[in-house]
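Peer 1: Okay, here's what each chain looks like letter by letter:
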Amino acid sequence: MFERRLYFHIDWLLLAAVLLIAGFGLSMIYSTTYVTLPDGTGHPGARFWVQLYAVGLGAVALIIFLALDYRFLAEHSLFLYGGLVVLLIYVLVGGGVRAGGSTRWISLGAFNLQPSEFGRIALALILAMYFGENRRGARNYGDLIIAGLFFLVPFFLIAKQPDLGTAVTLVPVCFGIAFLAGLRLRLIAIVAIAAVLLAPVAWKVALKDYQKSRINTFLDPEKDARGAGYQQIQARITVGSGGWKGKGFMKGTQGQYKFLPVADNDFIFSVLAEEQGFIGVLVALGLYLFVILRSLEAARLAKDRIGAYLVGGIISGFAFQVIYNVTMSAGLAPVKGLTLPLMSYGGSSMIATLAAFGLVLNVRMRRFTN
Amino acid sequence: MPDDRRSLTLRLSFMQYLVAVAFAALAIGFWIFQIAQHEKFREMAEENHLRRLPLPAPRGVLLDRDGKVLVDNQSSFNIALVREQTRNLDQTLHILAVATNTDEAQLRETVNRRRREPSYRPIVLIENATPEQYIAMMARRWELPGIIPQQVPARKYPGSEMAAHLFGYVGEVREDQLQHADYSGIEAGAVVGQAGIELAYNQLLMGTDGNKTVIVNSVGREIGLPLGEEPPREGKRLQLTIDADVQKAAEDAFDASGFNGAAVVLDPNNGEVLAFTSRPAYDPNSFSGGIDRATWNALNADELKPLQNRAIQGRYSPGSTFKMAVALAGLEEGVITPKFQVYCGGGATFYGRHFACWKKPGHGTLDLRHAIEQSCDVYFYTVGNMLGVDRINKWATLLGLGVKSNIDLPNEVTGLVPSTAWKQERMHEKWYAGETISVAIGQGAVAVTPVSMAVYMATLANGGTRITPHLVKAIDDGTGLKPVPPPPIQSKIDVSPEKLQAIRDGLWMVVNAGGTGGRARIVGHDVAGKTGTAQVISNTGRLAAARSRKDLRDNGWFVFFAPRDNPQIAGVVFLEHGIHGPNAASLAHHILDTFFAKQDGKPLPAAPTHDDMRLDYKDPYARAGTPVGGGH
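Protein chains in written order, with our numbering: chain A, 43 to 412; chain B, 312 to 943.
Treat the hints with care, since some could be wrong.
Stated by the list, open to error - The calculated label-pair distances, taken between Cβ atoms and stated as ranges, are:
1. A:V139 with B:E357: 53 to 59 Å
2. A:K293 with B:E540: 36 to 42 Å
3. A:K300 with B:T524: 18 to 24 Å
4. A:N182 with B:R316: 50 to 56 Å
5. A:K293 with B:P794: 54 to 60 Å
6. B:R424 with A:S144: 48 to 54 Å
7. B:N608 with A:V139: 53 to 59 Å
8. A:L79 with B:E415: 34 to 40 Å
9. B:P542 with A:L79: 44 to 50 Å
Derived by calculation from the structure, the hints in this document are not laboratory data.
Idealized CB from N, CA, C, for every residue including glycine.
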């Protein structure tokens with residue numbers, strides 16, 4: 043299945059960039075979770091080791107998703123998709139592990155797996171397959187409705203956990219593939235206008251109070267400086283106090299003294315900005331930008347539409363998540379439980395993301411095969 | 312599908328541009344925060360984790376004139392709240408209230424009152440916490456984020472009520488005080504003097520708070536060692552003019568008598584206050600760690616007004632003690648000489664109205680010395696009538712009556728010696744000559760404060776210099792006690808010594824011959840003095856009010872100086888509802904006895920018992936008596 047010559051077509055540069063970012067993330071997690079004992083000595087926190095194992099498992103997943111032909115995976119995407127839906131239902135009907143007010147995980151003994159993180163891969167595969175095989179692209183409303191249904195099932199199952207943040211990341215995957223598959227610009231315009239018009243209705247009907255308060259707080263963080271606005275204000279202080287060169291590795295005050303909550307997770311980029319400064323931010327942003335542009339290049343090079351759509355969908359979701367999280371890290375977007383892929387603490391996210399890049403490499407690597 | 316392929320490439324390029332633009336925007340955003348606004352956020356981050364903790368400065372110690380410590384400091388613990396470190400304020404207050412057995416509503420009120428202050432500034436919730444409260448708080452500390460213990464120096468006063476009004480008390484600075492220029496540089500929550508010397512000399516006593524800079528994490532836990540520390544500077548030590556032994560004698564005398572009132576004892580030569588008391592009093596110690604509301608309310612609601620400093624804030628009719636002012640006015644205005652004689656037949660008629668002497672059978676013919684000795688009302692009616700009210704006013708004022716003494720204590724009130732101008736201004740009425748007759752024996756509108764009576768006696772004692780009573784003898788600015796020059800005198804009159812001697816002789820006779828002040832006699836020390844008994848209400852009014860529960864017994868005065876010819880002590884004892892002036896003389900005796908025993912190097916007299924006081928409780932006006940007539 044894995045021909046020797048394919049080895050030479052692996053995009054080592056992209057792989058290196060991806061692993062470099064993951065390494066960056068590991069070092070930031072090391073910094074924010076380091077445990078200092080009263081006698082002055084210390085040791086890395088448990089989360090650092092968990093994340094290190096996750097990178098290892100992710101590397102395995104990456105190899106698997108690289109080794110199997112993406113066409114083979116796309117052809118069997120209905121099974122993968124179906125399997126995911128079953129797992130999501132299983133989580134909802136009581137098989138899941140509850141934590142922090144929502145049920146997102148399945149216990150695997152040693153660690154908990156979060157199936158929703160794999161939703162983007164499954165959705166990208168099945169939509170790439172659907173649009174890539176039907177030869178009509180996404181110009182047909184009937185096809186769009188079917189694609190919409192593929193999207194809505196996991197979306198609702200994940201939103202119901204509740205985990206609106208992860209559910210929302212399915213939107214750019216779906217939209218990215220439809221866009222590449224030729225979604226009519228007129229339709230995009232109509233949807234955009236409808237969204238603007240329906241926003242007040244959604245505000246009234248769909249959003250829960252805590253979600254509304256997050257948005258309210260974003261618009262005026264000072265109003266609730268002790269509550270929800272606290273994170274946003276602290277995020278800006280964290281980032282702004284970093285300056286050019288930052289305060290140095292493990293020398294940040296905002297993250298180290300816990301003024302910024304979830305520093306190893308949602309706000310890991312803020313801590314990077316604090317400790318590594320604007321220079322570190324430029325390096326990290328540059329790496330992410332390189333990974334995204336290089337991946338979109340892989341889509342351009344793909345030998346078939348399935349490959350192009352697959353990479354486009356995966357990277358749309360990835361880019362959306364990166365841009366949103368980094369914006370939030372600087373206190374410029376409403377605070378949402380959305381992690382920074384490749385850097386934030388989170389085993390499932392790391393494994394799923396590396397697997398996804400396995401697919402990106404896969405498409406590029408097999409651009410010459412038939 | 313070449314067309315499809317081109318469209319796909321186009322759309323991929325579009326996505327790439329979109330992402331590149333988004334990243335450029337992000338880079339700009341980070342540049343704004345991290346570079347352009349770096350300084351602002353750097354400071355905010357420092358405010359977050361660097362905390363300057365105040366190190367409260369102990370207030371200056373108060374010493375007596377011999378260097379004995381009167382008011383000191385002791386260590387106590389406050390329990391304070393740092394709001395920015397709390398998670399759930401209501402719950403925190405509730406747990407704290409239960410753990411320390413305090414009133415939750417009062418804690419909340421304290422927090423509400425200071426809610427406008429920066430949330431990192433500690434709010435003291437429980438001042439002077441008991442060891443039990445402190446332990447209970449520390450035991451539940453993990454449930455109480457934002458609750459911190461503060462070690463603070465607290466004021467420690469000598470005896471329960473000793474010199475309470477003199478020392479005053481301390482308390483948290485009030486909001487209205489913070490607006491005032493005198494309190495610039497003082498932060499909310501600071502402890503300042505609120506009465507007495509503590510208030511008058513607050514600036515000197517306060518000292519300068521120090522601080523230390525520490526690193527704290529988001530729940531306020533201190534991390535590592537302090538980064539810097541500026542130690543507090545203790546307030547300046549003040550040496551008071553008070554003589555602790557004389558002060559104690561005054562307190563003991565009041566305790567033994569059971570009466571309320573005031574006593575002020577001065578050095579007549581320079582105005583140094585040797586003793587100063589007002590009764591009923593309060594325990595200033597109960598304020599030093601923050602007074603609890605119940606005690607405060609009780610003090611305010613008490614009908615006897617223990618918070619009032621009677622020595623400088625009480626205005627009372629002086630009665631017969633006023634007669635020396637009339638005598639001096641008569642002598643100095645040339646209206647009489649010491650040999651001037653008046654016949655007293657138990658009363659006299661002026662302007663068609665009969666004025667009785669306190670001694671119904673009359674005194675017969677008297678000169679000035681004997682008129683003072685016997686406190687003959689008719690004699691002073693006559694002199695007063697010859698003088699007219701304005702000349703009485705002039706000389707009483709020069710002696711210190713009806714004006715402020717300008718003692719260095721806050722909120723002194725002004726007494727009143729009437730004049731024609733005063734009546735015209737206040738009542739828009741003409742002064743009637745008949746009104747002067749009552750004024751001549753210290754009745755009518757005349758009202759004086761005990762401290763002004765002390766100045767009055769000091770002025771008679773030192774030959775006419777109206778000294779300014781004052782409380783501070785020396786200040787220690789850190790390099791040892793430096794004497795403070797006495798404040799400038801208020802006025803000086805040139806009195807011919809012979810004329811003054813007649814008054815002094817009369818006063819000496821009051822105590823040492825046949826007068827009413829015999830109880831103040833001290834063998835070998837020539838005490839000169841004068842009693843006074845002043846009605847609280849007219850006798851007819853008293854009959855009408857007989858059923859009321861108010862205490863309407865007469866007030867008693869004894870004013871004095873000693874020795875007659877080289878006075879070293881002058882003062883006043885005022886007994887509220889003390890019935891008779893001679894009762895006040897009993898208290899003065901113990902004060903004088905102590906003063907002279909100390910001067911002579913003899914053992915100090917023991918605190919008197921109630922029986923030693925030989926108080927006279929017979930109330931001569933309990934039944935209907937003579938309608939008008941001064942006391943004796």
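Peer 1: Each hint needs a verdict: does it hold in this structure or not?
Peer 2: Results of checking the hints against the structure:
no., hint, in the structure
1, A:V139 with B:E357: 53 to 59 Å, "violated, 41 Å"
2, A:K293 with B:E540: 36 to 42 Å, "violated, 23 Å"
3, A:K300 with B:T524: 18 to 24 Å, "holds, 19 Å"
4, A:N182 with B:R316: 50 to 56 Å, "violated, 19 Å"
5, A:K293 with B:P794: 54 to 60 Å, "holds, 57 Å"
6, B:R424 with A:S144: 48 to 54 Å, "violated, 41 Å"
7, B:N608 with A:V139: 53 to 59 Å, "holds, 58 Å"
8, A:L79 with B:E415: 34 to 40 Å, "holds, 38 Å"
9, B:P542 with A:L79: 44 to 50 Å, "violated, 31 Å"
The earlier numbered hints that this structure contradicts are 1, 2, 4, 6 and 9.
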